[in-house]
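S.K.: All chains, please: the whole structure from these sequences, using the hints.
2 protein chains.
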Amino acid sequence: MFESAELGHKIDKKTYEAELPALREALLDAQYELVEKRGFQVVIIVSGVNGGGRRESVRLLNEWLDARHIDTHGMGEPSDEERDRPPMWRFWRNLPPKGRMAIFQGSWYSQALIDRVYGKTKIADLEEAMERNIRFEEMLADEGALILKFWFHLSKKNQEKRLKSLEKDPLTRWRVTERDWQHVKLYDRFYKTASQALRMTSTAHAPWYIIEGTDERYRGLTLGKIVLEALRKRLELTQPPVRPLANMPSLPRVDQQNLLRALDLTLALPKKEYEKKLEAYQGRLALLTREPEFRNLSVVAVFEGFDAAGKGGAIRRIISALDARMYQIIPTAAPTDEERAHPYLWRFWRHIPRRGRLAIFDRSWYGRVLVERIEGFCSEYDWMRAYNEINDFEAQLVEHRIVLVKFWLAISKDEQLRRFQAREQTGFKHYKITAEDWRNREKWEDYEQAVCDMVDRTSTEIAPWTLVEAEDKNHARIKVLKTLCERIEAAL
Amino acid sequence: MFESAELGHKIDKKTYEAELPALREALLDAQYELVEKRGFQVVIIVSGVNGGGRRESVRLLNEWLDARHIDTHGMGEPSDEERDRPPMWRFWRNLPPKGRMAIFQGSWYSQALIDRVYGKTKIADLEEAMERNIRFEEMLADEGALILKFWFHLSKKNQEKRLKSLEKDPLTRWRVTERDWQHVKLYDRFYKTASQALRMTSTAHAPWYIIEGTDERYRGLTLGKIVLEALRKRLELTQPPVRPLANMPSLPRVDQQNLLRALDLTLALPKKEYEKKLEAYQGRLALLTREPEFRNLSVVAVFEGFDAAGKGGAIRRIISALDARMYQIIPTAAPTDEERAHPYLWRFWRHIPRRGRLAIFDRSWYGRVLVERIEGFCSEYDWMRAYNEINDFEAQLVEHRIVLVKFWLAISKDEQLRRFQAREQTGFKHYKITAEDWRNREKWEDYEQAVCDMVDRTSTEIAPWTLVEAEDKNHARIKVLKTLCERIEAAL
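Chains as they are written, first to last, in our numbering: chain A, 61 to 552; chain B, 61 to 552.
Hints listed in this document are in silico derivations from the structure and should not be mistaken for laboratory results. Be careful, since some hints might not be right.
Identical copies carry no separate label here, and so any pair may be met within one copy or between two of them.
The list that follows gives simulated cross-link-like pairs (lysine-lysine, DSS-like), each with its CA atoms no further than 25 angstroms apart [as the list claims (entries may be wrong)]:
(1) Lys293 / Lys492
(2) Lys245 / Lys217
(3) Lys228 / Lys158
(4) Lys336 / Lys73
(5) Lys492 / Lys542
(6) Lys73 / Lys332
M.R.: Set out below in structure tokens:
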């Protein structure tokens, strides 16, 4: 992995100074095209061994390019707001919008590498972490981001030399810490671990660039040229890069059976029983959220369902059991322009709750595989990959002790018609049935298919779907409350 | 202040139940109009004495209205990210966008009231805090927000009764804490303090509504009716409410003197001297930002100046002395739609740096009194009030140990022409001079006037403007660096 980066690459001053002006001008030109077109964002990872020139490289990029359109993230200790969320949250919140560039010195690789070098984790843990990084970057790339990963390498001998020379100079002495020398001792372990990690995660869409860090000029010129070429190649594409799609057929519908039709929509609760149960479950929920241990977990509840399936009503029954300061309801409407400038899941990540709180999504990230699929708002490839992206996303939530509950509220096509008609007859503006509602209704069978695919592909052991027979509102509401209570109880 | 709220207001069940359905329907109707039109946001403060029904009132609002379009903020202990910024930052970050409603249970009043009741502060401190609240709310109102402030009151006798009855019921016992009883003892102090605070801050644009909290039905109905009427009155306005403007003249220009013309633009630094000083100041800046004490403050640097005055070049000279992880440069371009949906200063508040970091604004909130004034992007009233709003904003920064440095880079009209022409002759895309640049140039004298007004009105003792003679770039860059170093030094 590091062989070519131990050859003693060097550039003499004359060559460097001769090449630099054109390189810098070209870099700026490319960056301004990026800023102007806002077609994609650039995510740069700067990592490598101590003394390999990470800090200097980040500085160079900020100097050569226009730093006003770059954010540099040191990613030191996480804040308490960050610790309250899954580890990737802090990277998501710092993802740049289209047209901007973010440099991460300290990335989604750092912790896993360090843990392994210090022997805190097993090789299998490292592998798992790297698998996740691959999938994360694949998603970023598919969402249009240009990802550049740099690794600055030094041979063991050169690292020692470098640290010693830094220590000698009174101006740079402060940069060499106890920990750096400790790392020198761990060089071989670090070498091996990094080499494994880099090999695993050097992919077609996000390869590692390993640069020998000994010679400042060689290092800088190489870095600059890679950034320039990557920018240029990407800017010259007239269309975003799309990975070839296998174009596999969906599971054909050969009979009339499907998950939704298999539901018993006759399930109902008489009013009296409903009211009794409602009070009981609301009380139980209220008590659960007041348990001291509840402060160490959080809840994400997702509501999906056909129009008029009763999502709003079910949500209202939940929140009336809760202190309003504990929850946030996120109505998923059209994305804002800031949201559109980020990868698809960004607008949901930003609402992941802190510990001790609940986030209730009225429609959610599943829009990708439902309305966006059916209406052609995204390509087939986009929604096909979304299943795995969503599973990865949800796995992170669950691992961070977030109770994730997902409800599909199922009604029949006839019941929807009845509710539409009833709504049209009420005076309430908010019950206005729009032309869009009627249009969606025409695609009922397509939606049914999409829902079944969704459940099949995203109902995992850790984040199962709860299909709720919602023909009878009473039954639906109680089932929702009961499920929520049981899931929280299990987590406590 | 509280006289009418100790009369023993009561509503019988029958009246309540007769009135409720129409009220709820009307509330929902109004809210949906708000959501649809997105003409303004609603900021609701819910406060008052313990046991007065704050929690229940917040719940009612979330139940009667559609909670999907409401955010409720408990504002408990600030997070470390919040503690790193001025106290108002956490309220700014939670201000709702147009079309949404935010309920603050715990507001910009809480801390000042508590501190005073506990005797930690003097009456003068309370008064000062209330003055600030008035100005903050005035600004919110001028930016279009509808502000509703509720105070739920109980007489001393009724408060004791209420707490006792809460304690009796096993379901509500947990809600009564040691602190609540402590507060009962402080009732008289609390009464007096609240009464002073409320009197001071009950203004035409944001009056307090004091509601007797003893009877649940009376309390709820009153609250609902106020919210409804306020919403309706506001929705019915065809134009946003504008305060009458005195329409005072500006200081007339009776001679040719002004601040900018008084600058000595012949000041220049020969190259050799420049390079020596550049290195010295950059080194000094680098060392200053590495002082341990620097971690307890932060820096906000503002760059304003005519087009081509050299803002970018000056910023580059600063950042090349810094670790890229320490700073962020914020290029102030057109606001995003999320930014446009919030009060004007929101998009700057969101970039206020954490401790130990620098934020460099390439153009800033001063756009309001420069380009927006000249181009008519906002009304005269908007930019006239901006001076004070900016002074308030900056005072908060400085009080929070943020080193605030503001630079106006001054060049002559002739020099600008020379730079425009030179830029047009370079091949660099980023130096493209646009039609807009030429248009701005035509309004040179108007801008000059606006700059002088800006400096006169916002150069305060704590946040002075530094006028930089920028005809010679070397001189300008050194003056900027020197000023920045000195200001940081003074703060350390």
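S.K.: Now, for every hint given, state plainly whether the structure supports it.
M.R.: Hints versus structure:
1. Lys293 / Lys492: between (50 angstroms within a copy, 23 angstroms between copies)
2. Lys245 / Lys217: This pair counts as within: shortest intra-copy Cα distance 12 angstroms, inter-copy 72 angstroms.
3. Lys228 / Lys158: neither (43 angstroms within a copy, 58 angstroms between copies)
4. Lys336 / Lys73: So Lys336 and Lys73 pass the 25 angstroms test across copies only (22 angstroms; inside, 84 angstroms).
5. Lys492 / Lys542: neither (31 angstroms within a copy, 63 angstroms between copies)
6. Lys73 / Lys332: between (87 angstroms within a copy, 22 angstroms between copies)
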